[in-house]
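Trainee: Protein sequence lines, in the order shown, are assigned to chains A and B.
Heads up, the first sequence is in this note's numbering, so the first residue is 1 and it goes up one at a time.
Heads up, the second sequence is in this note's numbering, so the first residue is 1 and it goes up one at a time.
Incorrect hints may appear among the rest.
To be verified - Calculated cross-link-like contacts (lysine to aspartate or glutamate; reagent style DMTMM-like; alpha-carbon spacing at most 20 Å):
1. A:65 / B:30
2. A:65 / B:18
3. B:50 / B:18
4. A:65 / B:3
5. B:50 / A:126
6. B:12 / A:179
7. A:65 / B:32
8. B:50 / B:16
9. B:12 / A:42
10. B:45 / A:126
11. A:93 / B:16
12. B:12 / A:213
13. B:45 / A:56
14. A:65 / B:28
To be verified - Just so you have them, the derived chain A footprint on chain B, three or more residues with Cβ under 8 Å:
15. 37-43
16. 66-72
Please keep in mind that the hints were generated in silico from the structure rather than gathered at the bench.
From a predicted model like this one, the values you see are computed outputs, not experimental measurements.
The beta carbon of each residue, even a glycine, is placed where N, CA and C say it ideally should be.
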Amino acid sequence: MSRREIAVTGIGVVTPAGVGTAETWRGIRAGVSAADHDPCLEGQPVSISCRVPGFDPVALLGGRKARRLDRFVQFAMVAAAEAVADAGLDPRKWDGARVGVVLGCADGGPGTVEEQFRVMLTSAPDQVSPMLLPMQLPNMLAGCVSTEMSARGPSMVVSTACASGATAIGVARDLLLLDRCDIVLTGGSEAMITPLVMAGFAQMGALSRRLDEPHLASRPFDIGRDGFVAGEGAGLLVLERKADARARGGRVHALVAGFGASADAYHVTAPHPEGAGLELAVRAALTDADLTGTDVDHVNAHGTSTPLGDVIESDVLHRILGDHPLVTSTKGVTGHMFGAAGAVEAALSVLAVEHAAVPPTANLTDLDPRVRMNISREVEYRPLQVALSTSLGFGGQNAALLVTAP
Amino acid sequence: MYDQLKQILASKFQIDPEHIAPSSRLSDLELDSLDIAELALVMEKELDAKVTDDELIETQQLDSIAELASRRQAA
């Protein structure tokens, strides 16, 4: 068996559709948007978001641990525990030096930064918490998961804005291909629904203003879309070489068969008008997997529900793949989870292939006529061999992952 | 004062009250240097007792820390 086949053996997710893979997958298939009014954003120009429902860090992690972790690390710790258990692995028994952690996030812990900045302004610098830095540094995402899991191999955070989670999975796969690790915990996590961050997004004009109907606000590819809805959460995968997984009797959900990364080298936030960077990433992933566009059955698109981005993306997909794949954007349900999005969507692509089910695109009622791809509206059951997940980040950074049946 | 200290350790630091006794040492409660720096801040704010983290690390035992805090409070 080839040592170049990289398997997904464990999945863990915390999303606005639910805590845990089963609950999330149920919510994603139901296609009901998680967007709602957000009391934490009271008084903001945009006060809707997709929160993780009922996330109780004290119950899930214990009070001692939870109080010292920013929300973005709490999400990842919960998802990591689920993923490792799902893989049937026991961190007390593995060779930790051969276990890596590669995670992605866009922003670290802005909630902690904003809270402590307020303490400094209203009180004094010597009242700022000593936990400020250990809680908010982006790299703590991987550092804390490594510590929790006794994973002493390479540990790092990659940051490509909203492509971070997908980029991390690509880098993790490379570590396995280079034989630097035997197991890598990878994915992304994000908790940046904070007043300051949301004010910034609102000022950019990036957010949906459908404030009276929050559940209809995230509507990828629909003619009535007007921007994205912020989400939060984490997606973690356990990657191993398929041969190693089979040898230990582990279950293989799917393979990560190809990865492509690129830069638009065009503009700080605007997508390239022809999607040239995204095209480069998708073609690189296909080459990496030794597949062609016609092999792709299903796409979990970046599809953020922005007027410009969704059309550019569908043009790129149409150019490379043709119009046969069934495309979904699960952001209709989850909103945009930023650095976690690519990882959660990779996990959903794995589940789609495994369960032969393409999730619906929530709120798609009137397809934008400029969108030339076949976009799912209801959950559709069909055998899937190859799924593509695309991710684009501010800074023009793109990532594409190909997931195949084992 | 000891009871107030115990209350802070239980609520703010999420330590099981059953594990907290007057003879407990900070190290027994698995408080690390970051926790202790934070404890000094909380004691200043909630007990109006200025005690440095170095003093807490040196003193260690909760009843002695409570005594120290009482003296500082009066000061």
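Trainee: Just pull the numbers of the violated hints for me, sorted ascending.
Mentor: 3, 4, 6, 8, 9, 11, 12, 13, 16
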